[in-house]
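Visitor: Here is what each chain is made of, one letter per residue.
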Amino acid sequence: MLLSYLPILILVLLAAGFALATLFLSSALGPRRPSKDKLSTYECGIDPVGSARERFSVKFYLVAMLFIIFDIEIVFLYPWAVILNSLGLFGLVEMFFFLGILLIGLLYVWKKGGLEWTT
Amino acid sequence: MPEPAFFVVMLAKIAVVFGLMLLSVAYLTWLERKVISDFQVRLGPMRVGPHGLLQPIADGIKLMFKEDIIPEAADRAIYVLAPTLALIPAFISFAVIPFGDRVRLFGQSIDMVISDVNVGLLYLFGVASLGVYGIVLGGWASNNKYALLGGLRSAAQMISYELSMGLSVVGVLMLSESLSLVRIVGAQSKAWFILLQPIGFLIFLICAIAETNRAPFDLPEAETELVAGFHVEYSSMKFAMYFMAEYANMITVAALATTLFLGGWRGPFLPPVVWFLAKLYLVIFLFIWIRATLPRFRYDQLMRFGWKVLLPLALANIVITAAFVALR
Chain P
591 MLLSYLPILI
601 LVLLAAGFAL
611 ATLFLSSALG
621 PRRPSKDKLS
631 TYECGIDPVG
641 SARERFSVKF
651 YLVAMLFIIF
661 DIEIVFLYPW
671 AVILNSLGLF
681 GLVEMFFFLG
691 ILLIGLLYVW
701 KKGGLEWTT
Chain G
851 MPEPAFFVVM
861 LAKIAVVFGL
871 MLLSVAYLTW
881 LERKVISDFQ
891 VRLGPMRVGP
901 HGLLQPIADG
911 IKLMFKEDII
921 PEAADRAIYV
931 LAPTLALIPA
941 FISFAVIPFG
951 DRVRLFGQSI
961 DMVISDVNVG
971 LLYLFGVASL
981 GVYGIVLGGW
991 ASNNKYALLG
1001 GLRSAAQMIS
1011 YELSMGLSVV
1021 GVLMLSESLS
1031 LVRIVGAQSK
1041 AWFILLQPIG
1051 FLIFLICAIA
1061 ETNRAPFDLP
1071 EAETELVAGF
1081 HVEYSSMKFA
1091 MYFMAEYANM
1101 ITVAALATTL
1111 FLGGWRGPFL
1121 PPVVWFLAKL
1131 YLVIFLFIWI
1141 RATLPRFRYD
1151 QLMRFGWKVL
1161 LPLALANIVI
1171 TAAFVALR
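Chains as they are written, first to last, in the numbering used here: chain P, 591 to 709; chain G, 851 to 1178.
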């Protein structure tokens, strides 16, 4: 069983080797003529204003949290979906309860405006 | 312990698939430019080789010899590592996709798949979603406002559409009763799943375009507002690696659509591999067609569409399919 992951491991090593070789080759082959202006942060030709290390919209955190909740839901759905045929009606009703609870959660977030991007 | 022939076959398959993947990625850039230029009634690349056929190779050589600029403000280690993080998942996720029927060669029975992992679909989704790290870390490490915004947008977009993508295939799992992609193709001997799961296919296709950051979902690199988004500071082969990752993801996701919904390598008369490639390129052509046709979404529209349309639709699709499967 574990043997089926051996090709994947080899592929990972191959891809990593290719990526590192590419990085090395391009840094070895390319010229290197750094100057102050060339190494400065690109801001459409204007001198950079401030730093990019600033606070960003809290919306992104909200999306990430919602993602985790629903992604875990999907993790539960996959094994259920695979054996649903043998579970029959019992499995169906059980999972509909689970989905129902999550649906209420989604509707709550919706109603609270958690899915609105512009406020 | 398996016999030595097993390892020879395995290494040969890996070498062929990896090589073809690199070649396809290079020529997909040519194909996209050609198809888009046809849509826009112009010729596209014509100078390097007949009909510009050597253009991808010329581009590769040119990028290889370009100066590799690392901005002063950037976080050096992460800045260098991020393109690698995007590239590796893009090239290894193809491993579980079957591209042909089992064949007998030199007395060996060979599966036309690098590895038939029994949780294949889970593996593919898991690995493919690692690609977002490369993008968000690259955007952050550049220490550039455009790159940061592009990286953040990309992360939020990819995780939002990953949900609907994950949900859209649950119907397929119910019908095939397996996560192994080889078995899923096997379960489509009677009818392709696009016929039984048309809504699932539609959701999957839309999410696939969003996951690969392609138009009309190309907000992470919206030229008109973010210049080039997360890879604005990248040059030389590091830039090329992001590009390769994007095109490799496009191939993988098209191959996945083929495998899950279009019957994989199944088809009459022609050899299975030919059928697989034909369907794969049909899906890719569809992606390019959509890019040539549709304008870009606005960010709030994108989020609203993902959370308020696709997610409930995917859930409804699951409920209906489940009722049919369980009460059959």
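Do not rely on the hints blindly, as some may be mistaken.
[As the list claims (entries may be wrong)] No farther apart than 27 Å at their CA atoms in a straight line, the calculated lysine-lysine pairs in the DSS-like style are these:
(1) 863/G / 626/P
(2) 701/P / 912/G
(3) 626/P / 1158/G
[Said to hold, decoys possible] Here's a subset of chain P near chain G, in silico, CB distances under 7 Å, partners left out:
(4) 674
(5) 679
(6) 688
FYI, nobody ran anything at the bench for these hints, they're computed from the structure. Every residue, glycine too, gets a C-beta built ideally from N, C-alpha and C.
Visitor: Does residue 912/G sit within 27 Å of residue 701/P, going by the straight-line distance between their CA atoms?
Guide: 53 Å, violated
Visitor: Sort out whether residue 1158/G lies within 27 Å of residue 626/P, counting only the CA atoms.
Guide: 48 Å, violated
Visitor: Is residue 863/G within 27 Å of residue 626/P, Cα to Cα?
Guide: Roughly 48 Å between the alpha carbons, so the hint for residue 863/G and residue 626/P is violated.
Visitor: May I ask you to test the interface hint for residue 679/P with respect to chain G, counting a Cβ-Cβ separation under 7 Å as satisfied?
Guide: Because about 6 Å separates residue 679/P from the closest Cβ in chain G, which is inside the 7 Å limit, the hint holds.
Visitor: Double-check residue 688/P for me: the hint is only fine if its C-beta lies closer than 7 Å to a C-beta in chain G.
Guide: 11 Å, violated
Visitor: Let's test the interface hint: is any C-beta of chain G closer than 7 Å to that of residue 674/P?
Guide: Residue 674/P check passes; min Cβ-Cβ to chain G is 5 Å, inside 7 Å.
In this structure, the earlier hints numbered 1, 2, 3, 6 are contradicted, and the remaining ones agree with it.
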